[in-house]
Structures are given as C-alpha cells and as structure tokens.
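> Each chain, written out:
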Amino acid sequence: MDFEIQALTQCFDKNKIAVNELNLQLKEGVTGLLGSNGAGKTSLMRMLATIASPSSGDVLFDGKSIFKKSNSYRAKLGYLPQYFGVYDNLSGSEFLHYLSAIKGIDRNTAGAEIEKWLSRLNLTDVANLAMSSYSGGMRQRIGIAQALLNSPQIVIFDEPTVGLDPDERARFRDILVDISQNSIVILSTHIVSDLESIADRVAIMQAGRLAAFGDTSSLLANIEGKVWRCQVCLSDISMFKTKFNVTHSIRKNDGLQLRVLSDTPPTGTAELVAPSLEDAFAFYASTSSH
Amino acid sequence: MSVLIHTAKIDILHTLRSRRFLIMLLAMTVLAMIFFPQDEAAYQTIRLGEFKGVYNSAWIGNTLAMLNVSFLPLILFYFLRGSIQRDASSRRGEIYVATQLRKFDYLMGKAVSNLVVALLIVAWMTCTAFFMQLWIGEDVSINIAQLMLPQLIHVLPMLLIVSMITLVFDAVPALRASLGNITYFFLASAGLVLLSYDISGIDYVISQMKAQILETHGVQVESINIGISTVSKDAVSIPFVLNGISYKEYPDTSIGYIIASSLVLFTIAWLSFNMNALLARSSNEGSRSRLAKIFSEVTAFAPRLNRIIHASAAHSVFLNVTRQEFLLLSTSKSPYLWLSLCILWLAQCFVSVSLLLSAVLPAVMLLAALVISSLGQREKAHDTQGFLINGPLLMKVQYPSMLAAGVMFLLLITLPSMLRLGLMYEFYAIALLMTGFLCTVSAAILLGTLSGSNKAFEIAFVIVWYMGPISHFTYLDFIGVDLLLSKQNNIVGVFICVAVVINAMIMAVRTKSLR
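Chains as they are written, first to last, in the numbering used here: chain L, 1 to 290; chain A, 1001 to 1515.
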C-alpha cells in the first residue's frame, strides 16, 4: 500500500492557510499526528477523508488520486471525525447496522463484524440500549467501531481518545496495534502519551506546515542530550519560563520539578534525562515557529 | 437497494421513537375526534346543505379522507421537514460523507421515510375514526374496505406528493432554512390545498355524494364545505346515508400525473442537493460570498458604534447584556435577508401611508420574524445553556435583556414608519405597533424556549400574520391595517394582556426548560 501526500495545500482565504505545501509518504502502521491548536491537523484529516477539497496538491493511494475516484477510496477508508453525532433514539447496534449497510458490507459479515467490535470496545452490554443513554466515552467508542466496520486499509482517527477513561484508552491502543499490521492508521491527538507507546512514526505540524516527520526513535535521537530535569522555586517560575523551553512541570512540596529543553544545563543542579515524545513535540514546534 | 432501505429504516425508527411523533399522534387523535362531532354538538365540520351524514363506515372513511387531504399537506410538511438539516446539525453527516453513500440512496431513503411516517399517521387517524364510529354508535357495522379505500385512493397520492415536496424543501439550499417554512405556507394557502383536491380525486367523492343525495332525496346540493361552523339548537338536519363510493367511473389518469410529479420533484431535489451539505462546517469554511463581504464592509462602522455603546453601557448590567443580546440577534443571518430589510427600511420612508400599513410593514415584520425566531432557542441550539443555567442573572437580567433587544430590533427596522406615524399624530397606531412588537418578541422567546427550535415560532407567526394584518382579523392585527376597528376593539389593551400572559408563561418555563 502506498499513500502519498503531495504538496497538499488548503486555503480558506488569502490570509488563512490551514495546510501549507504538505508532503508525506505513509505506509502500514500507526502514524501519529501532533500539533498545537490550529496547526492544521483537522483540516488535513478532513482532506484525507475526502470530505474537504484541497486548494492545490494531491493525495495518491496506490498511485491514484483519492479526490478523483473518491468512492473506491472511501470503500477502503475508516474515518472517525473529531466531532460527530449519532441517532439518539436508536441503539448502538442499530446505528452500526445502518453504517455497515452504507459501507456496502453484506448482512452476514456485518453482523459478525458488529459483534466483534462491540465486544472489543466493551459495548456488548449496552449495544441494544438507546444511544441517548450513552456516556460521552460510549459514544466515542461507537464512533471508533463504525470506523473499523469495513476492515479499512486507511484508518483516520481525529482525536479518538477524547472522553475515554484510562482502561478504555489502553484497550483502544491494543486495537490500534492489531489493525495497524495491515492498514495505514493516521491518528491525530493532543495526548502525546497515547502515541508514545504505539506510533511507528510521528508527524509534527506547526502553522499548517510539517515541522518534523520520522519514527519515534529518530525524533527522540535528535534531542538526545538536550532534556534536563531541575527543581525551581515557585517564585522563579515566570522568569524561568521566559528563558527556557519548559516541556513539563510537576508540583513538588518545595517548588516545581521541570523538564527543560536546553543545550546547556539550566541550573547548576540540573540533571540530563532521556527525552520523551512530549519533549520532542515541544522542541520541533518551537524550532519551527522560530 | 439495501442502502436505500436501511437509510429509510433508520430514519423511520428515529422518528417513531421520538417524543414529537407521540405528540403528533395525540394531536391527530384530537383533530379526528373534533372532526366527527356527536349529534348534540354545537358545531358541524362538513356542510352538505341541510343534510347530515350518518356515521357509517362509508361516511367516516370518505370524510376522513377529505379532512386528510385538506389539512395534512400543511401539518405533515412541518412535521416531516428538517431531517437533512438534523443530520448536518447533529454531525451525523460527518460520518456519512466519508462513506460511499450515494446521493440517490440518501435522498430516496429520506423520501421513503417521509412517506412511511405520513402513512403511519394516516393509519392512526383511520383507527381513531374507526373507534369514533363505534363510540358515536349511529351505525356500528364496520366495513373495513369502506374505511380504508378512500385513504388509499385519495390520501396516499397526496402523501406521496407532500413527501416529495418536503424533500425538495430540505434539499434545495435556498429553501432549507427559515425562508422555506414561510414559502411553503404561502404555497399551501395559495393553492396547494386546491391542487391536492384535484390530484387526490376528492372532487370525485364530492360529486358522488351530491349524486347520491339527489338520487335518494331529490335535492341538488350546491357545495360541500369542510371546516368548523356553528349549528343553532333549533336547526333540523336531514340524515343522509352514504352507501359507499363507486369507482367505476373514476378517472385512472391521475396516478400517472402523481408518479410523474413525484419523479420531477425528486429530480429537483437530486439536482440541487450536494452531499457536502451534510457537513456541519462546509469544506470551503472561512470563504464568504461576495455579498457577505460587501455587507461586512458596508457595516464596518458597527464595531465602532458598538464600542461607543459599550462604553456608555459599561455601568449597567442590564444595558450591557441587552447590547450583547442585540449583537447575537444581528449576527449569523443571511446577507440577503439583511439586504431585503435595508431595502424595506428605505421603502418605509417613501411609500404612501396606506401602502406602508397594508404591504411594506407586513413585509418588514415577516422578514424580521426570521431574525427574532432565534430568541429563546439559541442556548439549546448552540448548547450554551450550561454556561447560563447556574448564573444568577438568567431570569433577572438575561431574559428581560433578550426581550428588550428583540423589541429594540423591531423598533430600529420600523423606525421610518414610527416617525411618519408620529408626525401624523397617529399615536394609537404607534402604541399598537409597540404592543404588537412586545407580543411578537415574547411569543418568539416562549416558543423558542419550549420547542428548542425556531420552526415553531416561524410557523405560528406566519399563521397569525396571515390571519391578522393580511386577512384583517382585528384581534390578530398587530400592525393596525384597519386602525378604526383596532381602536373600537381596544386592541392595544388586548395585546398588553396577551404580552403579560406570555411573559408569565416564559418565567414559569424558562429556567426549567433550559436544564
């Protein structure tokens, strides 16, 4: 499977460019998409799901433009939008049966697929209840189930872990690992820890552009020797943040324990630590914006 | 075919399990019960000269078909309307658009769903009529064919057409919003009922009834009227037994017209619909129409004006909230609506007073209703009630501010009329308009709060507008088209009482319904 994004651009107005000349080549596995608010992640996801058109550029799936033969591409696509709705008066099972029908899955296969995903997403017990009684997390899991019904080759998840509790997030990560064996999974999230354990590659977006792309280990290798842990007083924190790129902070009894990106030790007592994906995200986002 | 069936099925199930369907069935039950009054009732619903039909299956079945053909085009349209918009606003469309779902299957599924829901409502009314026949007991021998056949022959074709018209109004972008609600009302009142008589073949039933009266009683009945009319206690009516309708001479050409019309309507819907309409935010988000850009440039002074008002209102919570409510009221409407209001505002300065009162002001109010219909339901529509409900200002300030903003808006768009009436010392007319504004805005808030949508107020307003300023029914004439009659009947006093009652109702329901 070849999935190639070529100079993809989306402009809303002369001065508003959501995605700017983005190039990416993806293969099987999980590609995590990181970016701060307004970086262009959702605009990119919507174009990849063919529900928005690019201003220029193209996306090729197995050498064919996804925008020209969108129906054959959509048959291989599983998409979970950032915000979506359900029929409140229907049960989760009824809703999934409908979606399997519009995805062209035959009745017998649909029944088995629905049962499988309801079970894997821990929804079997509530499958026949009206969705008006579902919690936010349950609705989100119904959204995840519908995206996976047609055994898609391309899976696009826009903020899939919103509203999921830690157990459900762990369950979801297991599912991702399974499906990514045979499909290209693109997952956008703000929760960096979700990607750390499962993403084969990470793309970092900043102001519509690609700030960095690569496998997790290579992104981390680039900031090796630049991440420090140190402790500062609460009163010094503002001054400290103006001088250094602070990626994480934990409240301690006698002040704050910080993770800082810096070529040199930020304090005399600072110790060098192994970088995390969160550090890498902060590093590439700040490098790109400068 | 499977996708089409599934689309229809899911929509039907969703409607049948909704509370509004239950309310609809209750309303239809009441309508059917009112339509078949008992012998001692002080009103009648079908006038056949001096004759009164005996409640047997043939009479009940055929008159029920007349009732359905007369009233259902209007009722069903507003009930069925909006399923496409609901898919978009609930963001279900985000999922559909990324699948292979074809426009044809989606639209045909919606049309089938409309038809099936309409059929179920008619079936329910037929069951109610069946029980009415047994309850009234004039003739308890039940003939199912006589009850059902008129519904199948006369009502079903009309339901098909109404289902397709509803689809067109949902699919065509210009008709999708509030404008469609008003346009359909005019279409329906201007001739759709007559047309539905024609296409449904009810005229044939009427002619058969007349022929049977002539044959059995030797009397030529001129016309048959449907509608509530009072009956004096002394009036004597002659019982007439309808022996069913013979369809031997029934023209079979109408079915061809109905199928052709349905196909044409479906084609219009199909041609004008784009699946991207199901997206809550369109793919060209951020880009605006040329007219919208021009409009924003022309109104560039507004933010400066707003800052001045803000500065002067800074010390009063009420004024500040009123300013915010006014801003909310004046945003997110079509630039075409604002352009039309600007033109009508200018027209108020130049036309004659009689034209002003009889045409221009009613037109202004009709368009203004589309703006103020957002009052009361905005919090539910935008899911912001959570921010308001725990605020101490909800009833104290927010609601009176909303009322004030609505009345201010109406005053602003009718300012030239007000000034002209003032210069002519027509102070009663000004008072009438002001109390009319108060009632209108209060009704918008009440219906918006109760229904959670702008549709209820828009429909109610158009009915009142049509009966009042247009048809000159004095007690609903909030513009004062016939000032003398309004003065004689003290309509200002009536409107003040109505406004007090509506506002008391708002206070009773608003906090509760926002929760």
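Careful, some of the hints might be misleading.
[Unchecked claim] Selected chain L positions facing chain A (in silico; Cβ < 8 angstroms):
1) 50
2) 69
3) 71
4) 77
5) 81
6) 83
7) 85
8) 87
9) 98
10) 99
11) 103
12) 191
13) 193
Source of the hints: derived by calculation from the structure; they are not laboratory data.
A quick note: this is a predicted structure, and the numbers were derived from the prediction, not measured.
Using N, Cα and C, we set each Cβ at its ideal position, and we do this for glycine too.
> Hint by hint, which ones does the structure fall short of?
2, 12 and 13
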